[in-house]
Every structure is written in C-alpha cells, then in structure tokens.
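Please dock the two separately framed chains into a single complex, following the hints provided.
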Amino acid sequence: MMTNEEIKAFISGIQPSATYDETGEWLNIHVDASQWKSLANLLRNAPFNFDYLFSLTCIDWKTHMTMVYHLSSTLHRHTIVLKAKVDRADAQIESVSDIWKTAEFHEREVYDLFGVRFSNHPDMRRLILTDDFEGYPLRKDFDDPVNMIKL
Amino acid sequence: MYTETQIVERPAVIDPFEGDGENLVINIGPQHPATHGVLHLVVTLNGETIKKVEPHLGYIHRSIEKMCESLSYRQFIYVTSRMDYLSAHINNHACAMTVEKGMQIEVPARAQYIRVIMDELTRIASHELWWGAMAMDLGAFTPFFYAFRERETINDIMEQTCGARLTMNYMVPGGVMADLHPTFQQKVKDFITLFKSNIDEYDELVTGNIIFQSRTKGVGYLSKEDAISYGCTGPVGRGSGVSCDIRKIYPYEVYNQVQFDEMLETGGDSFSRYQVRVKELRESIKIIEQLIDNVPAGDYLAKTKAVLKLPKGEFYTRVETARGELGVYIVSEGGTTPYRIKFRSPGFSNLSALDHMVRGSKIGDLMATMGTLDLVIPDIDR
Numbered sequence: 514m515m516t517n518e519e520i521k522a523f524i525s526g527i528q529p530s531a532t533y534d535e536t537g538e539w540l541n542i543h544v545d546a547s548q549w550k551s552l553a554n555l556l557r558n559a560p561f562n563f564d565y566l567f568s569l570t571c572i573d574w575k576t577h578m579t580m581v582y583h584l585s586s587t588l589h590r591h592t593i594v595l596k597a598k599v600d601r602a603d604a605q606i607e608s609v610s611d612i613w614k615t616a617e618f619h620e621r622e623v624y625d626l627f628g629v630r631f632s633n634h635p636d637m638r639r640l641i642l643t644d645d646f647e648g649y650p651l652r653k654d655f656d657d658p659v660n661m662i663k664l
Numbered sequence: 522m523y524t525e526t527q528i529v530e531r532p533a534v535i536d537p538f539e540g541d542g543e544n545l546v547i548n549i550g551p552q553h554p555a556t557h558g559v560l561h562l563v564v565t566l567n568g569e570t571i572k573k574v575e576p577h578l579g580y581i582h583r584s585i586e587k588m589c590e591s592l593s594y595r596q597f598i599y600v601t602s603r604m605d606y607l608s609a610h611i612n613n614h615a616c617a618m619t620v621e622k623g624m625q626i627e628v629p630a631r632a633q634y635i636r637v638i639m640d641e642l643t644r645i646a647s648h649e650l651w652w653g654a655m656a657m658d659l660g661a662f663t664p665f666f667y668a669f670r671e672r673e674t675i676n677d678i679m680e681q682t683c684g685a686r687l688t689m690n691y692m693v694p695g696g697v698m699a700d701l702h703p704t705f706q707q708k709v710k711d712f713i714t715l716f717k718s719n720i721d722e723y724d725e726l727v728t729g730n731i732i733f734q735s736r737t738k739g740v741g742y743l744s745k746e747d748a749i750s751y752g753c754t755g756p757v758g759r760g761s762g763v764s765c766d767i768r769k770i771y772p773y774e775v776y777n778q779v780q781f782d783e784m785l786e787t788g789g790d791s792f793s794r795y796q797v798r799v800k801e802l803r804e805s806i807k808i809i810e811q812l813i814d815n816v817p818a819g820d821y822l823a824k825t826k827a828v829l830k831l832p833k834g835e836f837y838t839r840v841e842t843a844r845g846e847l848g849v850y851i852v853s854e855g856g857t858t859p860y861r862i863k864f865r866s867p868g869f870s871n872l873s874a875l876d877h878m879v880r881g882s883k884i885g886d887l888m889a890t891m892g893t894l895d896l897v898i899p900d901i902d903r
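Note that the protein sequences, when read in sequence, are chains A and B.
Okay, so the first sequence: first residue is 514 according to the working numbering, each after it adds one.
Okay, so the second sequence: first residue is 522 according to the working numbering, each after it adds one.
Just chain B, with the same shape it has in the complex (with noise of 0.2 Å):
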C-alpha cells in the first residue's frame, strides 16, 4: 500500500546554457496557473537566483496574420478579438479604424461616442482582471472576488449592447454594429457609482498592504532607457515614466475633446506599474463620466458599400489598449483582403523585457514581476 520512496543519486543537471554544472533549469508553464495563459518559460536557476529566463512561444499561437490574408475586411475584425481576449473592443476599434483611415469613411459623432465609452469599459474591466489576479499570484486570494464582483457589472452591460461578454465584435467598418441599449446609459451611471464607493476598497486590500509592497517595491525595476529600448508601453513603460499613452500623443475619436491625465510613475518597480493601473481605473471612470450624457443623437453607422476594398498603399492605426499600443499594419494591394497584415501586439514588446527585468532576483520576485506585465498569452502568440 505504501512504499518507501527510495532516493536515488541523480546527476547534476546539466546546463544547456553555461555548462559549469551548478546551475539548474526548469520549467514554467505552458499550462501553469501563474502564467495566467500558455507562456512557456525555461528558467535557469543558481540556488534561488534567476541567472537567465527564456520565453518559448508558440503554444497557442494561431497565425491570425496569416489567417487574416484571406478575410475580407468586413471578417478579420472578428479574429482580431480572440488576441487580446481582454481588450477585444480595443482590438476591433483598431482595425475598424485603419479600415476607415484607408476607405476615408467618416465615421458619425454618435459612434465614436459609444466607442470611446466602450472602450474605457473595456480598460476598466481588463485592470479589474489583473488587479485581481495579481493579488493571486502573490497568495491574496480575496481581492480576485473584489475584482470580479465589478467585472461582472460590465459583462452585463457589454452583453446587452454587444451580445456578448468577452468577443464582442461590436465595432465595425464605419461605426458600431448596433445602438446602444435603451437602459445602456443608466446601468453605466448606476456601474459608476457603484464603483467609486468601491474602488476605496482596493487600496485599503492591497495597495497600502504592508506584505503586498514589500514583495513589490523595488522589484523587477526597469529603467525608462531600457522601458524605450525594449519598446514597453502602455502602464509598463508609464510606471518606468516613459509618456506613452496614444490616448494623449495621437488623439483619436474623441479624446482630444475630454479631460484625462496620463498617469506616470517614475520608480519603474513592480509598485510603480501597480499603482499607474489603478489610478488609470480612476482616470477611465472620468472619461466616461463625461461621455455618457453626451452621446449626440443621429446614425450609430456611416453607410458604406457592401463590398469593402481598400486602396493600394500602407495603412497604420495606434490605439491605446489596457496593455499598452497596438499597431495594426495593414499593405493593401487594392483587393478585397489584405496582402500583409500585421498586428504589433503590446505585450510581445513588454515581455522582451522580462529577462532583462528579473535578472539576478529572486524567484518569488518573478511572479511579482510577470504579474504586473499583465501578460495576455493570445496577444503575444498572435
């Protein structure tokens, strides 16, 4: 019934690496909860001490640019909210949006509106997920239901409008695929106010935790040279104090028309990226605050031809997604479908920095690090 396990003599692992035999390499991931996705990390390890991380991809990696080289421009949008799954507005917009830019549609006031409001919801639900997983990974477990039970409240009302909680696809060439929800406006006031009684929340759990700061003040620093050079963006590159937001460099729909600050941080710690992501659900909330008695009346869809066909030529659109920028790079020859798209993903550029990041830390100091990447395996696999 029970047998002794016998200890075996095992020989030095190897080093595939360095080879001086001192060294122990392992493996995190693919399917590991801390990953929060498929992310394969090799990890070579000196004691406790990370000497060299590798990411592997590919897990999950779907080919959706190559994919896309056969959809119309009506169709790949729907592929585009499967990378990522947490921002797909974010990611639908974008594309709409370099669709418009190369048709030069015009897209009606009423639209950008309702995108822009979809679009902080979106931002505001994605920070939720992290917020909460990131206490997870660092052993809270209460904060994910805090996190979830506002979570919830968006779902429902994207699910009334858009049909649905997490592939949307409800932006469309020239607009929005359908109008808003006749009770849309009044369940995102009700959203607000439930949100800013409980936001207060947060900080009191997690942010002023003694524990918390202390796994993550000073840990996986990255310095705002290094956050340029390795392309980070989004609230990464912000917490290391790079200005990055696309939101207030390039302006789109109607951004320019309403007050937001960009929030920066300088110490370029895990803390510093936290704490840029929470005030950004403070941030989003006033965006929206002074959208949703604004929508403008009229056509929620600009009439377009049935058959979209982009001119000859290049086409680039930056977005600000909760992640970070993302690119949508479309090389039209004139047909129907895209000859090359390609999509410059947030979160490939921040993990390249994740070596860099926790070189010569500990191991525990990983997930803390990884954690506030808020990586999206799907996004960077593409």
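Next comes chain A alone, as it looks inside the complex (with noise of 0.2 Å):
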C-alpha cells in the first residue's frame, strides 16, 4: 500500500500543475486533459499498478465539464480519483481503452450521454441512444420536450 504523499510526489514529479484535494474519501488528483494519457500510462504499471478502473464517469458543471476516473490497484489495494477538466464546447480527451479494456464501454456511455469525446477509441459510437439522437440527456441543459425524463 502505497501513501497519499508518496503518489502525490510522483505525480507532481511529473505534471507540476496537478493539484489535490484530500477532503474526502480518497486523495482527488486534478490533472490536465491534455497530459492524462500519458500519466494513465504510468499509473497502470509498477510501483502503483493501479490496474482496475471501476468507475468512469463526467460531471456537467455548466461551465465545464470533468472526467472522474476512479482508479484502485487489486495489488495494493489503494485508491485514488482523477479529475480532468474538458471542455463544454468542444468536450475531448484521450481514450484509454487501450490500458483499461472496460473504459471502451464506459467511454462509449459517457460519449453518448455527455458528449465527450474519445480520440483514438477504437469504436466512437452512441452505446444507449439510437445514431439520430440530437443532444446529450445527462448535460444540465438538456430538455426534452416529448419524453419527461426530470420528473
């Protein structure tokens, strides 16, 4: 089991800009869209082998948006949450289907009901709605007129 201080030095090690938050449960790590490849990269071997993804998802703040990646290693049992802030815009990030096979899926449900898209995912496509769905239901902007989804 590896110390919050101890990922926090290694991940400062590498993205400077990274800030923390350890206010709640685990130790919340906001990191930069742009770079979180390359730091998944590194988490998902040795030492930290942060090897199961077990929840993907994004938060609408209206003026942006975040990806939260929860992370936990079946080897150490630690775990850690990332947050990367993407744009509400033009909502991308780097796919990490390839380090994590279960983010595909994951992706594809957060594609489909935020709009965030995945470079590099090997299958971008809406998961839940059908091909011609206009919007995305879980943005905080989201009405539809027809189907009453807020209740």
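These are calculated hints, taken from the structure and not from any lab test.
No more than 30 Å apart at the CA atoms, straight line, and that leaves these computed lysine-lysine pairs for DSSO-like:
1) B:Lys807 with B:Lys738
2) B:Lys622 with A:Lys521
3) B:Lys830 with A:Lys598
4) B:Lys800 with B:Lys710
5) A:Lys653 with B:Lys826
6) B:Lys883 with B:Lys573
7) B:Lys769 with B:Lys710
8) B:Lys573 with A:Lys550
9) A:Lys521 with B:Lys833
10) B:Lys769 with A:Lys596
11) B:Lys833 with A:Lys575
12) A:Lys653 with B:Lys833
13) B:Lys622 with B:Lys833
14) B:Lys807 with B:Lys717
15) A:Lys575 with A:Lys653
16) B:Lys622 with A:Lys653
17) A:Lys521 with B:Lys769
18) B:Lys622 with A:Lys598
19) B:Lys622 with A:Lys596
20) B:Lys830 with A:Lys575
21) B:Lys833 with A:Lys598
22) B:Lys807 with B:Lys708
23) B:Lys830 with A:Lys596
24) B:Lys833 with A:Lys596
25) A:Lys550 with B:Lys745
26) A:Lys653 with B:Lys830
27) A:Lys598 with A:Lys521
28) A:Lys596 with B:Lys745
29) B:Lys622 with A:Lys575
Everything numeric in this text was worked out from a predicted model, so none of it was measured.
Spelled out as structure tokens, the structure:
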C-alpha cells in the first residue's frame, strides 16, 4: 500500500500543475486533460499498479465538464480519483480504452450521454441511444419536450 | 391451403464490418428468452464460429441517473430497486449507506444486522434464479422448478416484513423502514433447514451432470488479467481468480464480525463461475446462521431530519451485490437533491467482457457464457 504522499510526490514530478484535494474519502487529483493519457500509462504500471478502473464518469458543471476516473489497485489496494477538466463546447479527451479495457464501454456511455469525444477510441459510437438522437441527455441544459426525464 | 415454398436465390449477406461476404450477421434479442431480458446482441458469424459480438443497449434505458437528479435523498432510493431488481435490497442498501456517509448518520446495531440478513437472503434468491435460468439456457428445464421452490420461500419471508416481493424499498437512510415481523426469525430458520437439505440436490442435478460439464468447462475463458482490465467483479471476477469481494476487502455494516470465506476459482471458464455462485449459496447461509439469533434489541431506525441535505462534496460507496461491485457516486452541491449521481453497475462492466470471451467459439457457447455472466438488463441499462 502506498501512501497519498508518495503518490502525490510521483505525480508532481511528472505534472507540476496537478492539484490535490484530500477532503474526501480518497485522494483527488486534478490533472491536465492533454497530459492525462501519458499519466494514465504510468499509473497503470509498477510501482503503482492501478490496474482496476472501477468507475469512469463525467460531471457537467454548466461552465465546463469534469471527467472522473476512479482507480484502484488489486495488488496494493489503494484508491485514487483522477479528474480532468474538459471544455463544454468542444469536449474532447484521450481514450484510455487500451490501458483499461472496460473503459471502451464506459467511454461510449459517456460519449452518448455527455457528448465527450474520446480520441483514439476504437469504436466511438452511441451505446444506448439511437445514432440519430440529437443532444446529450445528462447535460444540465438538456430538455426533452416529449419525454419527461426530469420528473 | 398449402403452397409450396419457393426457394429464392438470396444475395450473400454483406458484412458491415469486414465486407468479405463470408460472414453472417444475426440479431439476438432484444426480445429473446435466452438473454433474460431485453439485451440486443448483434453477432457476426462465420459458419458457426463467432467473429464478433456487439451488445446494443438502451431498449429499457430509463435514465435513472437523470431522474435521481430531481428526486430528494429519501425518494431516489425507490428508483434504484428497479435497476438490478434481483438485488433490490442491496441497491437500496448502497444508496442508504451513501446518504448516511454524507450526513454522518449512525445506524443502530439492530438495523445493521437486519440489513445484512436481508442482503444475504437477497443474494440467495438471486443466485437461485440464476441457477434455474442458467440450466434452462442449456436445455434442462427441471432445475428451474427446484430453484423457484426455495426462492418462493424467500419471497414470502420478504413480503411479510417488507411488504413487497421484489422491489422492497425496505432500507432507508438511517436504518430500515419497519421492524422485523414477529415470525421472521423462525421462518428464516425453517428456510435454512429446508435449504440445507435441498442444496445437495443442486449438485446432483446439475453440477455433476456430464452434459452440463461438457457444455461449460473450458467455455468462455477469461484470464485473471483480462478480468481485472475489463472491471469484472462478483462471481465473474472470482471465477477467474480475482479477489474482489467487497464484503471482505472493504467490510461494511457487520460483515467484519461474521465468519465467511471468499469463494475463488482459478479456472476462468463458465464452470468456474458456476461453482463460485453455488458455493456462495452455502456461504450466505453461513452468514445468516451467525446473525439470525443475535439480532440486538433496540431501534431499527435512527432519528433523522425530515428533509435530508447532503453537505457539498462527493460520496462514493461500494457494496457487493449478487452480481458484483455496485458503486454509488453522489456529487452534492449542498441541496436536497443530488447534483449528479452515478451508479457503477456490475452488469455493465461484466458485459463489456462478453465480446472478448466468446470470440472464436461456437454460437452454442454464447448462451453458456452469457448464462454464467448473470446479466440483469435493467442493471446494465439503468
């Protein structure tokens, strides 16, 4: 098990601009979206072995969106949360589906419901909605006049 | 009255993916009995060999996450019973625990015991249904009746205490909604006695069956590395040797006070996943036996405010449902409703591995593999 301090020191060495938040249950790290992929590659391998991506989702903050990755290690049992800010008008981030295979499905879901495009994703299509659907339902400004979603 | 069918020359089916004209694309579902719900699989075949399986989701997507954004912290729990309807108690449990974590509500000991007993009864009921349906997928009809014989007993017990058989909505923030029915403990004990005498029949009927074994052994292989990479949890992960039981790794409620083993198999095939689930039935019985006589007296529901407000922040809870790890992720802005809620459902991640598991095998093995994934479609579609 690695302490939060060790993880922080490692990430600061690669990405000095990263900010940390330890108020929650796990260490939250805000990283730059453009460098996320190279960092993910390093986190996946030794010494951290974050081999288990157990949640991948997005939050719409109306001004911008945040991608949230929950990573855990089945070897060391430590958990971190990585967050990357993406632009709302041109939402785009590098895909990590070649590092954690489960991301392929989760990224398609996020693309479908939030409209974040994942570059280098092998199969970037809508997963749940039909291909001709317009809009991204989980965005805060989405409003469907026909189907009541908001209750 | 009867006209002879004319044989019409059909053009070769054009494969939308590779276009070599040799492949056949068939749709399985969404209305197909073997998918146990409304899963739509687009399967590309070459002869009988599977080249690709593409799940198409969304047939019963209700956008529960969006709905929850306008429901209060007391209301949103009711919707979650409709996700994985076979683990309704455990879904409610996860949501209640997230709200309790955010508001720092202390749950009375009695409620904790009741919750764990209910969770384990749910797990048994869920595995029972899976066991019957799995055997039915492979052509054996009798096991279904055996499984439902015991499952009905659990549903009756649930109905007495919770007032519902499937969507219980029994666990609320602070504890449980109502106290146990006076005959609950006796009925559970009667059930355990009955179940223990019946569970050996399961092995005799199915596990040792040579046809069943040859249909499942070596089928749908998933290596340990792939299981982790695909995020497979629950019996799917444990069938591949991944230690992923949340009850053991991150114990919640009274799971750290009971003795039980995490069932691990290293085969990684359908038969291993089958064995994990059947063994878990016995483990669940062990847990219930340790708790049923020791339910402490006292309150079953902590005193909470009428309107629940979570402080600003993020809260994540992990529990072990019958299918694997369920995560509830609430982002709160301090209001009475969640700003964003995400359910990390076990079925969704387990399904993502299906294509990898069945590529190159025969189409008959698809059902044997899907059966042991134990997919519940409302859990995947949410």
